[in-house]
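Undergrad: Those protein sequences? They're chains C and Y, same order as listed. Remember, my numbering sits 44 above the position in the first sequence when you count from 1. Remember, my numbering sits 696 above the position in the second sequence when you count from 1.
It is possible that part of the hints are untrue.
In silico DSS-like links for lysine-lysine, alpha-carbon gap of 30 Å or less [to be verified]:
#1 Y:K1104 - C:K110
#2 Y:K986 - C:K132
#3 Y:K867 - C:K110
#4 Y:K1168 - Y:K1104
#5 Y:K1094 - Y:K986
#6 Y:K986 - Y:K1168
#7 Y:K790 - Y:K828
#8 Y:K1178 - Y:K1168
#9 Y:K790 - Y:K986
Using C-beta positions, here's what the derived DEER-type ranges look like [to be verified]:
#10 C:L354 - Y:A956: 47 to 55 Å
#11 Y:R862 - C:G99: 50 to 58 Å
#12 C:V115 - Y:V776: 53 to 61 Å
#13 C:E92 - Y:L993: 54 to 62 Å
#14 C:G99 - Y:Q722: 44 to 52 Å
#15 Y:G730 - C:V351: 54 to 62 Å
Just so you have them, the derived chain C footprint on chain Y, three or more residues with Cβ under 8 Å [stated by the list, open to error]:
#16 725 to 734
#17 748 to 754
#18 825 to 839
Note that these hints are calculated values from the structure, not bench results. Where a beta carbon is used, it is the ideal one built from N, C-alpha and C, also for glycine.
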Amino acid sequence: MTGVLLNRLAQALLVMAAVTAIAFAMFRYVGDPVLIMSREDATPAEREELRAALGLDAPIVVQYAKFVGRVAVGDLGISYRNQRPVAKLLAERLPATLELVAVAMAIALGLGIPLGVLSALHPKAWYAQAIQAVSLLGISMPTFVTGIGLIMLFAVGLRWLPSFGRGETVALGWWTTGLLTPSGLRSLILPAVTLALFSITLIMRLVRAEMRDVLASDYIRFARARGLPRPYIHFTLALRNALMPVITVTGLQVGSLIAFAIVTETVFQWPGMGLLFIQAVSFVDIPVMSAYLLFVGFLFVAINMTVDVLYAIVDPRLRSGAR
Amino acid sequence: MTIFRTLLAIGVAAGVSAAASSAQAQTLRWSSQGDIATMDPYAHTESFTSNMHHHIYDPLVRRDRNMQIEPALATSWQVVAPDRWRFSLRRDVKFHDGSPFTADDVVASITRLLDPTARARGNLANVTAAEKVDDFTVDFVLRGPYPLLLNDLSGIFIMSRSWMARNDALKPGNITTGTTTFASTNANGTGPFKLESYQPDARTVMVVNDAWWDKPQHNLKRIEFRPIRSDATRVAALLSGELDMIAPAPLQDLARIGQAAGFKVIEEPSLRLIFLGMNWRPELFAEPGKKNPLLDLRVRQALWHAVDLDTIQRRIMRGKSRTVGALVAPPVPGYSADIDKPLAFDPDRAKALLTAAGYPNGFKVGLACPNDRYIADEQTCVAIAAMWTRIGVQVDLKIESRTTYFPKVDRGETDMYMLGWATLPPMDTYSVLSAIFASRRGSFGGNNPNGMVVPRLDALADAAGTELDETKRRAMLTESLKIARDEALFIPIHQQPVAWAMRNALDVPVFADEYVRLWFANLK
Chain C
45 MTGVLLNRLA QALLVMAAVT AIAFAMFRYV GDPVLIMSRE DATPAEREEL
95 RAALGLDAPI VVQYAKFVGR VAVGDLGISY RNQRPVAKLL AERLPATLEL
145 VAVAMAIALG LGIPLGVLSA LHPKAWYAQA IQAVSLLGIS MPTFVTGIGL
195 IMLFAVGLRW LPSFGRGETV ALGWWTTGLL TPSGLRSLIL PAVTLALFSI
245 TLIMRLVRAE MRDVLASDYI RFARARGLPR PYIHFTLALR NALMPVITVT
295 GLQVGSLIAF AIVTETVFQW PGMGLLFIQA VSFVDIPVMS AYLLFVGFLF
345 VAINMTVDVL YAIVDPRLRS GAR
Chain Y
697 MTIFRTLLAI GVAAGVSAAA SSAQAQTLRW SSQGDIATMD PYAHTESFTS
747 NMHHHIYDPL VRRDRNMQIE PALATSWQVV APDRWRFSLR RDVKFHDGSP
797 FTADDVVASI TRLLDPTARA RGNLANVTAA EKVDDFTVDF VLRGPYPLLL
847 NDLSGIFIMS RSWMARNDAL KPGNITTGTT TFASTNANGT GPFKLESYQP
897 DARTVMVVND AWWDKPQHNL KRIEFRPIRS DATRVAALLS GELDMIAPAP
947 LQDLARIGQA AGFKVIEEPS LRLIFLGMNW RPELFAEPGK KNPLLDLRVR
997 QALWHAVDLD TIQRRIMRGK SRTVGALVAP PVPGYSADID KPLAFDPDRA
1047 KALLTAAGYP NGFKVGLACP NDRYIADEQT CVAIAAMWTR IGVQVDLKIE
1097 SRTTYFPKVD RGETDMYMLG WATLPPMDTY SVLSAIFASR RGSFGGNNPN
1147 GMVVPRLDAL ADAAGTELDE TKRRAMLTES LKIARDEALF IPIHQQPVAW
1197 AMRNALDVPV FADEYVRLWF ANLK
């Protein structure tokens, strides 16, 4: 078991190193922060001075080495635009993103699983067909279109819900939450639904497919032949078995939701990490961009590692170290 | 049950917020694309951030409703020696914390701004020191004669010495080391509004300063600013009643907002002029190994004659821009209506000029443009490329994001390139003359990247930079604009519009420099 862990850890470090290296190689093409930061009529000398002060006059390899050195001691650098430590900026934005993703995931599971079960049990019923048709829409509509559509309907048209922002938040230590105030909850609805839409569809279709597989298997048929009560067969026997892959996908889905909340956060001006990243891109704020990529890389590596380790615990055949 | 309770909470909240909004009359809620970078006036060089600071801090002199310079914290001034200006300060002015405003505050502010680590010290590059004469008199010591000191000072905000000393903020914030001070997130000025709270990228709230030294021309009690990045969301937030004003308003949505009941759109020509610059090196990037055709005046005039400015104005800018022939807008000192005439759209004449110059079959030239910096920048360039193709010029069109576009322009890697210039912050033709017309040497020519050298323009830049006689100085500026037009050094395209959208109940003047001046705002 320790062998597996160490092996995975080494692989994870390698992936992280690759992510940062690629990010740095890309930065020279995203633009020049000095020009963005300077006054329009700044003299060439002023610009060169700023470039030197930011350490951008050094070769890219040296810049990368310095970056890795700083990250190794836990220093993510200073944002060019906000002039504040990047780690602090990320920590401030983290609660907004995590709350949004948690609520979106809850909506996705809460709607996706029942709908999936329903359409698996009665595949021919009109509502199952309707769910399938609507889910195609959900999977193919770009997030910004659904987002703007929801804003137009519920904020501009009906004026029921706010169109942007996070509402009033309450600070619990360093964590800020919008879940405890009415305006915070109201603000959460539209972005969470927008973000959840794709996952609802995904989970629903997955549950449906898995359920139908399981329902067709021998032991369900035997259970039916034995005359066991239907709810017991459907929910205790079939659903539980169908849920295994759903759990895996849900785990990975959480990672993607955090990483790709960028669009939803931009549309709803949600003050999370995705919005921070988008702003960093338009200002060529390299420290924030690299820290965000590092964070997303870390997130996926961590989730994958957890899933791998869980599998190894569940399935003895995967314990390569034991052989 | 939980869901039921949540729904109930939502219902209650909707009721509460409806009640709250009626209680908050005279609160102005507005939004723009981005947030301010910092609260520290000397730690940045961003015009939008300065704009916001102007509500909290006062400069020594400021712009009035007609954008003319008028006294603010300074009441009068005189040039006592070519390199020394004496300012008399306003008495009985109080900072927001109640401390009185005196010469010590001006000296401490200027010292803080001129600190080598201050990002904004270039904004006052010609000043070496501020010296206290008495409690209400200050001398500014300059490097030499300098006519634009007042223009510079209109953007320099005065901070409180005692407040900075108390909060350990006498040194400015520094972007390179990430040094932040108390002043990066707090503010104590003498301005019309006081900072109540500042949450970066979320919300900035200001409340009226009842003890302001000037007679208020506004009726606001409170200003709430919330940045919204997405154009569509910003418009939706205005139409849904969550905001009173958005500035700027996206051009493509103006018609829709104007038609919505209860909302209006205000448009003004802005100071920003859009024009094309050229490559002045021996060879073009598009045609290496051949002589650069742009060095011939007839070729430059041909390219200008070939651009159908009226069509661009009508079709691409939806009639909202103004076609121009000079490189500054009418309100800017140095402007002359005689020069502000574009060469006529005349493809036949353009072809004749090309033939006379020895290019009967045209030539190949690059055209580079940003797609996210100016209004309809990409469409304008695509149209110009097509117009040039019609006179036989092959155009190698390159369009990219401003983050990669401007570095390329700055390194001189373009043939024809699009540039916009608003002459800000000084709001003076000298800004064009020194940064764009003059060749690169010393502090000149920062935006002349492609080797344009016109000796007369260099001489004018030197002379106008130290000329204290305003009539003579303006004559020099006008002469430089005339040379640019006669020699077709640039192809001016249009003056961009600035458009704001707001509720009908709000009355606020729109300014050509795109500054939001809410101390002129009235909410019914």
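Undergrad: Against this structure, judge whether each hint is valid.
TA: How the hints compare with the structure:
no.: 1; hint: Y:K1104 - C:K110; result: 26 Å, holds
no.: 2; hint: Y:K986 - C:K132; result: 55 Å, violated
no.: 3; hint: Y:K867 - C:K110; result: 28 Å, holds
no.: 4; hint: Y:K1168 - Y:K1104; result: 37 Å, violated
no.: 5; hint: Y:K1094 - Y:K986; result: 21 Å, holds
no.: 6; hint: Y:K986 - Y:K1168; result: 42 Å, violated
no.: 7; hint: Y:K790 - Y:K828; result: 19 Å, holds
no.: 8; hint: Y:K1178 - Y:K1168; result: 15 Å, holds
no.: 9; hint: Y:K790 - Y:K986; result: 67 Å, violated
no.: 10; hint: C:L354 - Y:A956: 47 to 55 Å; result: 54 Å, holds
no.: 11; hint: Y:R862 - C:G99: 50 to 58 Å; result: 34 Å, violated
no.: 12; hint: C:V115 - Y:V776: 53 to 61 Å; result: 56 Å, holds
no.: 13; hint: C:E92 - Y:L993: 54 to 62 Å; result: 34 Å, violated
no.: 14; hint: C:G99 - Y:Q722: 44 to 52 Å; result: 48 Å, holds
no.: 15; hint: Y:G730 - C:V351: 54 to 62 Å; result: 39 Å, violated
no.: 16; hint: 725 to 734; result: holds (count 3)
no.: 17; hint: 748 to 754; result: violated (count 0)
no.: 18; hint: 825 to 839; result: violated (count 0)
Of the hints listed earlier, those the structure fails to meet are numbers 2, 4, 6, 9, 11, 13, 15, 17 and 18, in rising order.
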